[in-house]
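Using the hints, put the two standalone chains together into the complex.
Protein sequence lines, in the order shown, are assigned to chains A and B. Using numbering that gives the first Met the number 0, the final residue of the first sequence is 228, and nothing's skipped along the way. Using numbering that gives the first Met the number 0, the final residue of the second sequence is 289, and nothing's skipped along the way.
Just so you know, the hints here were simulated from the structure itself, not pulled from any lab data. These numbers come from a predicted model, not from an experiment. Errors might be hidden in some of the hints.
[Said to hold, decoys possible] Some but not every residue of chain A turned toward chain B, in silico, with C-beta under 7 Å:
| # | residue |
| --- | --- |
| 1 | Y9 |
| 2 | S73 |
| 3 | G76 |
| 4 | L90 |
| 5 | R93 |
[Unchecked claim] The following label-pair restraints were derived from C-beta to C-beta distances:
| # | chain 1 | residue 1 | chain 2 | residue 2 | range |
| --- | --- | --- | --- | --- | --- |
| 6 | B | T164 | A | R75 | 20 to 28 Å |
| 7 | A | R75 | B | D35 | 49 to 57 Å |
| 8 | B | D35 | A | G18 | 45 to 53 Å |
Where a beta carbon is used, it is the ideal one built from N, C-alpha and C, also for glycine.
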Amino acid sequence: MLEVDGIHTYYGESHILHGVSLRVAAGEAVALLGRNGAGKTTMIRSIVGFTPPREGRIVFEGEPIQAWPPYRISRRGMALVPQGRRIFSPLSVRENLLLGARAAGWTLERVFALFPRLRERAEQSGGTLSGGEQQMLAIGRALLTNGRLLLLDEPSEGLAPILVREIGRVVKGLKGERLSILLVEQNYHLALRVADRVYVMNKGQIVYEGTPQSLEAAEEIKRRYLGVA
Amino acid sequence: MPALPDLFAQALNGLSYGVLLFLLSVGLTLIFGMLDVVNLAHGSFYMLGAYAGLTLIATTGNFWLALVAAPLVVGGIGAVIERSCLRPLYRRQPLDQVLLTFGLIYLFEDLVKWIWGGRIRSIPAPDLFSGSVTVLGATVPSYRLFVIVFGLGMAVAVWLLIERTRLGSIIRAGVFDAEMTGGMGVNIHRVFTGVFAFGAALGGLSGVIAGPIQSAYPPMGASILIPALIVVVVGGLGSLKGSLVGSLIIGQAETFGKAWLPGASMLMIYLVMAAIVLLRPQGLFGRPLK
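With the rest of the complex left out, here is chain B (with noise of 0.2 Å):
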């Protein structure tokens, strides 16, 4: 039996990785509920972030700027993303899209590679977050509790500017049924172009404050896609609130299941998975299948 505060440690481990597939799974779910695109090349968005954040901390010396405007960088390459090459194809076959949005991870992946190289690239934590703190008898690094009080207080801002704005609800009506928020005289074209925006710069945001946690290399994005689709379908697809439960699941699922069954941590992420999908197959949070 480990020790408590293993454990305890642990947790905030998984809770410091939830926060990080919060905020990527947000735009994930939202831009399935809103455009019908499973948008595969979401983890580019969270790579995307990190190496924006490796330049600008880089060329600034500033982490908070990083932070402020690399997921500003990143939803403008989203909005261009979404208005150039994902809008021809809402009217096609989802494989279509399916196939455009796995095009676009090589792309990118190879743009980083090309302007960043293919290493690994560590991300210096900002000088106030830099050592560590201990917490009931856990050695932490004061980073990991800066992600997750960020990260929480994110979850809350994106809370409610969904659930509790005009713009918000214009958001959740076109996720509900994109065609009629149009024949209310809403231009959902702009608003798809607008979530798809906003998914990619929280996808930035969580490579941000990823960086320095798991540094930054090319096929980051990929791999951390799976992860955060699973989140997706257990939290149910369109519900902001299933994608924050599921995310502090998935993510308590893989810390455990790394320290518990090492090399097979995945594993333990498919059977949370599983159990939740064979028990409510529409996910925790997640509309009746039809």
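Isolated chain A, as found in the complex (with noise of 0.2 Å):
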């Protein structure tokens, strides 16, 4: 599905990303885990071609994508939830939603199944909503894109423990509507309960890959990468 194959990154002249390499496939949940400023955030960057790498390859279902713009990635099939959800504030929540609808499978009403919430506050504008509110909306509307393969940046990033652990189960839900997920998160625990595979990255680099259970197992990784005792 995914292949990323060596890409460097940089921002202006610092560079981000030493040769990373990572796969998803079809039908895999892979979680990327690392601190703050290990580069997680500027992988899915790369991705979605917001920061395109100026060395490697991005193969996306057997395209190389790492030159496109970012509106032929996103078309293309990969839906994204980005860091700090960058809800659209002045736009309705049904706008948000719309914006980037396309195809078939998830539809407005599907979406408002799944986030009831969502239902009651379709008029309201994006920016009104309180944060875990904002995090349903940014996965509904990469949900509406249709893509088959879902980026989520953080979503537990600045929730309360019990909306992290519905936005793991909503995560968990998704795996089995043939969605291929690509989940960045600091947040250990939620990251493997929803992975099938991890890997972790430090600074710029994928120090370590392996199953949810071996890195449960691999406590100096765990210690000196993740800060988790």
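As structure tokens, this is what we get:
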């Protein structure tokens, strides 16, 4: 589904990603873990074309997309839930949801069924929602693009534990929907609950690759790179 | 104390000027909000609209045709400018864009002098509105009333387009967060071109309807740019509502400034701007500054 092969990404002159490779197979949920500043968000920005890599290849369903503009990557089937949610505050909830809506599968009705709160607030402006509601809106908005690979960048950021569990439940449910998922997280427990495979990143490089079970046992990796005892 | 009909006539003058400023500032504020470009050449679209109108009226004798065709011509010029000159500069420093659009002011002004000459050219009002009418004791050229009604009608139309259509929601999303709008599958560069052309066309429209009031003269674009920029600052960058309210305020300030403090009418505008910006640095309807 997605193959990232040795990418180097820069912000201006600062070299952030140093030859990162990663794979997501069709139907798989992969978690990318790491501390703040490890390069996780840069990884997502590289994949969706916001900050294209200067070197390396990104292949999505057989096509090299590393030089494509973001709108083409999105239309090709990549659905983004960005860091900080990036809700369009001046737009109503409905307008947010419909902005990138494409093709069949996920419809407004299905998203409202998944997140009934959004139906109640459909005509409110996105900026008036609470943090948890904004996260639901960001997920709903991404689902409506009907992409086949869902990229979630820190969906638990700034949310109360009960909401984090709710997001975890929703993401797990989406796995059954023939969606492939790449989840970027600092929240170790959320990531482990959802993922089939995990990567750990540090200083712009992948330092660990394995299953949730093997990471659970890798005390040294957890302590050094994730700050989990 | 001036007589009431005089005050009323002044207020109508201010309103018609405000309407012209609104049509001009819509493009300026949308372009700034979406592209982060202060288009100093935006006044040039106003000038080009007036001259295109002049020629179209002279050749066809039909004001209404000019009212439709001149903005289309200017919008086309805007689209070409965006694609050829501005697009390569989006990733550069704001200063580069300021220099480019500043240069375009001179380029367009010289082009106009070359084609139409440097002297003032008057533009006749359409026959239908060539007389004047008496409203509440004040005698007002009927063309001015037309400008007010037409301009407010355009304001409603633009508002409906931006606030009530899908295209409008894409534009608002782009003004708020262009990168993320692209990430949702919207070809944001095409939207940029469209918004730039739309803003240019409205500027051109403003120039056509200003023609019979202000005539056409080469520096007209540069001289309306300052009040239009002030409208954007007062109303709030990227805000359509701010653009409308700001235009109406600045229109009145300019007109009453001219009547009460002849020779210092710009001072009045600056005082109004300073007062508003002191109270609300982001402008009346702008997003809070970070």
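Identify every previously stated hint that the structure contradicts and give their numbers, smallest first.
1, 3, 5, 7 and 8
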